[in-house]
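Protein chains in written order, with the numbering used here: chain A, 3 to 77; chain B, -10 to 483; chain C, 1148 to 1399.
Simulated from the structure, these hints should not be mistaken for laboratory data. The structure presented is a predicted model; accordingly, all values stated were derived computationally and were not measured. Please note that the accuracy of each hint is not assured.
[Stated by the list, open to error] Residues on chain C that point at chain B, a partial pick, calculated with CB under 10 Å:
hint : residue
1    : Ile1209
2    : Gly1217
3    : Tyr1223
4    : Asp1359
5    : Arg1363
6    : Asp1382
7    : Ser1384
[To be verified] Which chain B residues stay away from chain A? Per the calculated CB distances, all over 10 Å, these:
hint : residue
8    : Leu44
9    : Phe61
10   : Val118
11   : Ser245
12   : Gly266
13   : Ile385
Think of the CB as a built atom: it goes at the ideal place given N, C-alpha and C, for glycine as much as any other residue.
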Amino acid sequence: MEFGGYIILGAVFAGLLFLGAAAVLWWAYRDGQFSDLESGSRTIFDDEEEPEGAQTDFFPTKNPEDLDGPPRRGE
Amino acid sequence: MSFPSTLTEAMSPTAEPKSDLLAKLSEVDRSMKVLGVFFTVCGLLWLMAGTLFALVASIKMHNVDFLGDSEFWTWGRVRSAHLNAMIYGWAFNVSFAVAPWIMARLCRTRVRFTNIFLFGGIFWNIGVVIGVYGILAGHKVGVEWLEFPAYVTPILALAFAFIGVWVILLFRWRQTGHVYVSQWYFLAAFFWLPWLYAMAQIMIVHEPARGVVQSLTNWWFAHNVLGLWLTPIAVGAAYYLIPKVLGRPIYSYYLSVIGFWALALFYNWAGVHHLIGGPVPAWVISAGTVASVMMVIPVIVVAINHHMTVVGLHREGWASPTIRFVVFGAINYTAVSLLGSAMALRSVNEITHFTHFTVSHSHHGVYSFFTMIMFGGIYYMLPRLLNREWPSAMLISLHWWTTAVGVTLMVIVLAIGGFIQGLQLNAIDPETETAAFEFLEVMRATIPYMVMRSLTGVLITIGHVAFFINIIWMLSRRAADGSESKPTLLTPGA
Amino acid sequence: MSDKKLPQDKDQYPTTGEPRETFEGHGFDDDRLQRVHAQLMREKEEPSEGFSPTPLFLVFVIMILAFWGGVYMVWYSGEFSAFHFDETKSAVVAEDTGPREVDMMALGRRVYAQNCQVCHQASGEGQRGVYPPVARADWVQDNPERLIKVVLHGLEGRVEVNGNTYNNAMQAFGRLNDQQVAAVLTYIRTDPDFGNDSYPVSPELVAQVRSDFDDRRNAWTQPELEDIHGPVTGDWSPPEGEEPEEEPDPAS
């Protein structure tokens, strides 16, 4: 491929990527992804199985009894 | 309950999130069980193979005759076999295990049609086996990070398509409204990598660009595998694991969003700094340098977030294998990135380039940062997938201490040795105005550091063996005593 | 990825207000959960706003980095040129060091190799009946203006060189700049390999001829050139009292 071909190819790809990123950012904004971040950060917790405020990982035999862990996982 | 029965139905535009499809975490875990275990075990085997190659290559640096009578084990092949086994074998497999699992949990959706995912995974590993064998047999492509022979590229590309599309489908199937920052990172990584890989393969192997454009493509790719694939995977995993294990939300979620977009904006420029001093237009190098230094922004953001989330909970963190590994990785992410920004400056790069300092830096990035976080991810994931506890706390402890100490020593030893090497290579004798040291002299001076590197490698190998035993023990446990053991982490007060 | 309707709160929290089995609502009256929440509140105060603002020091870091990045790019931009590899040297300064000495013979040799050699051959002997020679040729040792016209606009029809007749068409080389034309003519007129012993040609002369015949589009013929310069003699010298380098150049 000639040098000019690479320039055109690169420009096309860069443009597509940039537009893609802009579209995603726009979508996220329109969707309200940035509107309530503080509660968004809590979506990883699940009050039934792995609630906020409880540690969920210990060394196998060192589960401290004083920490009230989550209930046994429902089957 | 309208549970989509076919793949096309599941992907159709009418498939809307339905709250009654919102899966429990344990359901998500069950649906990922086969996949997670498959990729973890594949990654583990590659980790062991890569460690073996690494030891051989490292010993050859100071004992040149070691295994010298076998062409398969010449340094040029073993070193590339190590690199590719670790990246395409270990790092990719473990990413395919941890990232989709976290993705599925955050999307609260069961992973469906897992056979296709598994199919992609099997082909990926077949591709890597052929590729590593091809390197050892002498068919490698002479381009760093792309050494796999050209004939495995289509297999890998196809396999990745099957795997990568699943992560995007998981996102498509999500049953939650909010997109957590880890999901941003994973989605971006799974979009970026195929683009990187395809461009690099086309412009270097299949329709080679000529001259300096080829080198630019090479380092753009090689640095971006770290920056746009391994980094988002590991940072995304840390953003999930740290708050999750400690039960405390991320310190400033707002900052994490800034961090993600800053990374997306700056990191893809950074690879050019590998060509400082080369016949590359000056502005290209300058742009790469500026972008590398601008990476300080997302790095500081991540550092603040991770540190402030952990702070005050050190005792709790120490009691968790996951947190030990992940926090070690997160600290080293800050360190390696700031060091990398410094190395992108022309004046520093003139010393560190072409020395063991660069080797130190890449191990710092891929091992101290990425691999350690992935170890943490596996320690968190496997008990949940298998509903079984880790068999030995001692082995976990051993794993952590040997790898943490081993890799830290290795990074320090190589950095010191490399820096001295760089100063000696650049030194000018003021009288004759020629090089002050002969090349052979400089090389001999590095030998003590190479010996120390091999010793730290042995230490890390011990850790990997402990990890290997622990996983195999865990997997075979049920067969041994006939009953499934319950993880203590899920049965408090047991 | 869908931008269709995404799940809203009403999808996640049953609108009836009933707690659902799989949801947070279930745990709210659980005193155990209250306890852990209380523990959490001790550790981290509830934010009053929607989000915590960016720390001030981070804003400073970003500003300093952006400023540094701009300065760095300005200093080491290499003028954003594709052919500027040394960031410490400015392209502008390099050109300001004054006019460069150009080796007219070296430049002429290169221009000859790139443009003339195909027909006139490396030896300059040309090809019998088709391409006239430039080596030991009466045309070459004649008035340089005649040669400049030939190079700039081409030559066609029957041509007599050294007593032999050639019939072909030479293309115009007007795209070469004045210095290149002057260099290649100087080269063939003075290089000992070609056996011509004549005077150099200056770029100013080329420029003058180029502007004098600015509107000419078609190639010259031998009769046309003879109307202006007379028959080719192969014995030409500059007008009296003028050095060849300072050839007629009233324009400047």
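So, going through the hints one by one against the coordinates:
The beta carbon of Ile1209 of chain C is positioned within 10 Å of a beta carbon in chain B (closest approach about 6 Å), and the interface hint is therefore held. For Gly1217 of chain C, the suggested interface contact is upheld, since its CB lies about 8 Å from the closest CB of chain B, less than 10 Å. Hint status for Tyr1223 of chain C relative to chain B: holds, with the closest Cβ pair at about 4 Å, below 10 Å. The interface hint given for Asp1359 of chain C is violated, since its Cβ lies 41 Å from the closest Cβ of chain B, which is over the 10 Å cut-off.
Nearest Cβ of chain B to the Cβ of Arg1363 of chain C: about 41 Å, over the 10 Å cut. The hint is violated. For the restraint placing Asp1382 of chain C at the interface with chain B, the shortest Cβ-Cβ distance is roughly 51 Å, beyond the 10 Å limit, so the hint is violated. Of the supplied interface hints, the one on Ser1384 of chain C is violated, with its beta-carbon coming no nearer than about 48 Å to a beta-carbon of chain B, more than 10 Å. For Leu44 of chain B, the non-interface assignment is confirmed: its Cβ lies about 29 Å from the closest Cβ of chain A, beyond the 10 Å cut-off.
In this structure Phe61 of chain B is separated from chain A by more than 10 Å, as the shortest Cβ-Cβ distance comes to about 36 Å. Under the 10 Å C-beta cut-off, the non-interface status given to Val118 of chain B relative to chain A holds; the minimum distance is some 31 Å. Under the 10 Å C-beta cut-off, the non-interface status given to Ser245 of chain B relative to chain A is violated; the minimum distance is some 8 Å. Separation of Gly266 of chain B from chain A is adequate, the least Cβ-Cβ distance of about 23 Å exceeding the 10 Å criterion.
A beta-carbon of chain A is positioned within 10 Å of the beta-carbon of Ile385 of chain B; the least distance is around 6 Å.
Hint compliance for this structure: hints 4, 5, 6, 7, 11, 13 are broken, all remaining hints hold.
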